[in-house]
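Enquirer: Sequence:
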Amino acid sequence: MQSQSIMRLTFALAFCLSILAFASGCAKQSAPPSNAPAVPPSSFPVYSPADLVTSTKYDDSAEVTTLGSSFFGSGDDAAKPYIGVQELLTTSASLDQLHDWLKTLVASPPPDLYPSDNTIANVFATPAPAQSGAPAPTTSGDPPATDAASASPASSAVPGSATPTGSAAPVPAVAPSSYGIQDPFVGSFQAFGLVPSAFWSKDRGRAVMIIIMDPKQVADHLGSTMDLMDQYERLPAVVRGGIDQSIKKNTGFSVSDLLNASTPMGMIVYATRTYKSKDVRAIILVDALRQPNPLPTPHPSGG
Numbered sequence: 004m005q006s007q008s009i010m011r012l013t014f015a016l017a018f019c020l021s022i023l024a025f026a027s028g029c030a031k032q033s034a035p036p037s038n039a040p041a042v043p044p045s046s047f048p049v050y051s052p053a054d055l056v057t058s059t060k061y062d063d064s065a066e067v068t069t070l071g072s073s074f075f076g077s078g079d080d081a082a083k084p085y086i087g088v089q090e091l092l093t094t095s096a097s098l099d100q101l102h103d104w105l106k107t108l109v110a111s112p113p114p115d116l117y118p119s120d121n122t123i124a125n126v127f128a129t130p131a132p133a134q135s136g137a138p139a140p141t142t143s144g145d146p147p148a149t150d151a152a153s154a155s156p157a158s159s160a161v162p163g164s165a166t167p168t169g170s171a172a173p174v175p176a177v178a179p180s181s182y183g184i185q186d187p188f189v190g191s192f193q194a195f196g197l198v199p200s201a202f203w204s205k206d207r208g209r210a211v212m213i214i215i216m217d218p219k220q221v222a223d224h225l226g227s228t229m230d231l232m233d234q235y236e237r238l239p240a241v242v243r244g245g246i247d248q249s250i251k252k253n254t255g256f257s258v259s260d261l262l263n264a265s266t267p268m269g270m271i272v273y274a275t276r277t278y279k280s281k282d283v284r285a286i287i288l289v290d291a292l293r294q295p296n297p298l299p300t301p302h303p304s305g306g
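Residues in the sequence shown are numbered consecutively from 4, following the numbering used here.
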């Protein structure tokens with residue numbers, strides 16, 4: 004549903020900008036990831052070596068109160084917000100290496116977390132690519148070994164560390180059995196050409212979402228949409244406000260929301276615009292806990 008909204012947003016934005024072609028001036032660099040104070044990074048094992056760009060608070064309470072559902076919540080939990088940390092990391096590793104890292108995580112997840120069914124299916128959809136002598140990925144934390152054949156010492160690297168001290172486990176070739184866990188956000192990032200990976204606790208009280216991406220590939224996938232965002236930022240604030248209100252009424256979110264790097268979508272846009280000309284890959288990680296109390300949600304309307 005959100006991916007369809009992005010497409011509607013793109014067309015609406017293109018129409019508005021065609022009318023407002025008088026806009027002039029240089030496009031601004033996308034805003035910093037967040038003006039919020041930094042928070043400690045997640046304990047979830049991340050790829051190493053990687054550089055931690057930002058670690059800020061994640062809170063989808065606004066989605067609950069304005070759209071009626073938490074990003075991670077479903078069913079009875081839809082009105083309960085998830086709050087935690089959102090990180091952006093960059094690495095010189097290839098997408099192939101990052102996919103192998105995900106395979107290792109899915110086959111041997113951190114304690115008390117389980118990969119969703121779509122994560123298992125997506126990560127193991129194709130055979131592991133040849134690495135041509137590339138260095139093996141390592142993870143931080145202590146993921147449990149699956150069996151004697153694949154077990155190896157876990158890395159003691161911390162998020163952002165470039166000096167892992169342990170050996171990486173061999174990349175598993177066989178997908179683990181299904182845990183019967185579903186993600187409510189499976190198609191949320193299709194407009195970016197991205198498929199998230201997710202890990203959940205059994206009671207769904209904790210959710211970890213990982214997005215790996217090549218900013219240049221995402222920029223190429225979005226094509227003219229990236230240019231439209233640049234043009235949007237050239238407009239006077241009063242004009243942007245009118246466009247935002249119109250588009251949000253039709254799509255559920257505005258261009259400003261899409262450029263808000265405190266959300267996963269906004270972080271994708273930020274990483275794409277910031278690193279599309281650099282030879283780096285990006286990792287976006289959200290680690291959040293379900294809150295106990297539901298929030299008020301919008302009443303259904305016929306209009």
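Hints listed in this document are in silico derivations from the structure and should not be mistaken for laboratory results.
Errors might be hidden in some of the hints.
Cut-off 30 Å, straight-line C-alpha distance, at most; resulting in silico cross-link-like pairs (DSBU-like, lysine-lysine) [unchecked claim]:
1. Lys60 with Lys279
2. Lys281 with Lys205
3. Lys60 with Lys205
4. Lys60 with Lys281
5. Lys60 with Lys219
6. Lys279 with Lys205
Have a look at the derived ranges for each label pair, beta carbon to beta carbon [stated by the list, open to error]:
7. Gln220 with Val242: 45 to 55 Å
8. Pro295 with Val242: 34 to 44 Å
9. Ser46 with Gly196: 50 to 60 Å
10. Pro173 with Asp223: 15 to 25 Å
Cβ atoms here follow ideal geometry from the backbone N, Cα and C, with glycine treated the same way.
Enquirer: Indicate, hint by hint, whether the structure satisfies it.
Expert: Evaluated hints:
no.	hint	result
1	Lys60 with Lys279	holds (25 Å)
2	Lys281 with Lys205	violated (39 Å)
3	Lys60 with Lys205	holds (23 Å)
4	Lys60 with Lys281	holds (26 Å)
5	Lys60 with Lys219	holds (26 Å)
6	Lys279 with Lys205	violated (37 Å)
7	Gln220 with Val242: 45 to 55 Å	violated (32 Å)
8	Pro295 with Val242: 34 to 44 Å	holds (42 Å)
9	Ser46 with Gly196: 50 to 60 Å	violated (29 Å)
10	Pro173 with Asp223: 15 to 25 Å	violated (33 Å)
In summary, the numbered hints that this structure violates are 2, 6, 7, 9, 10.
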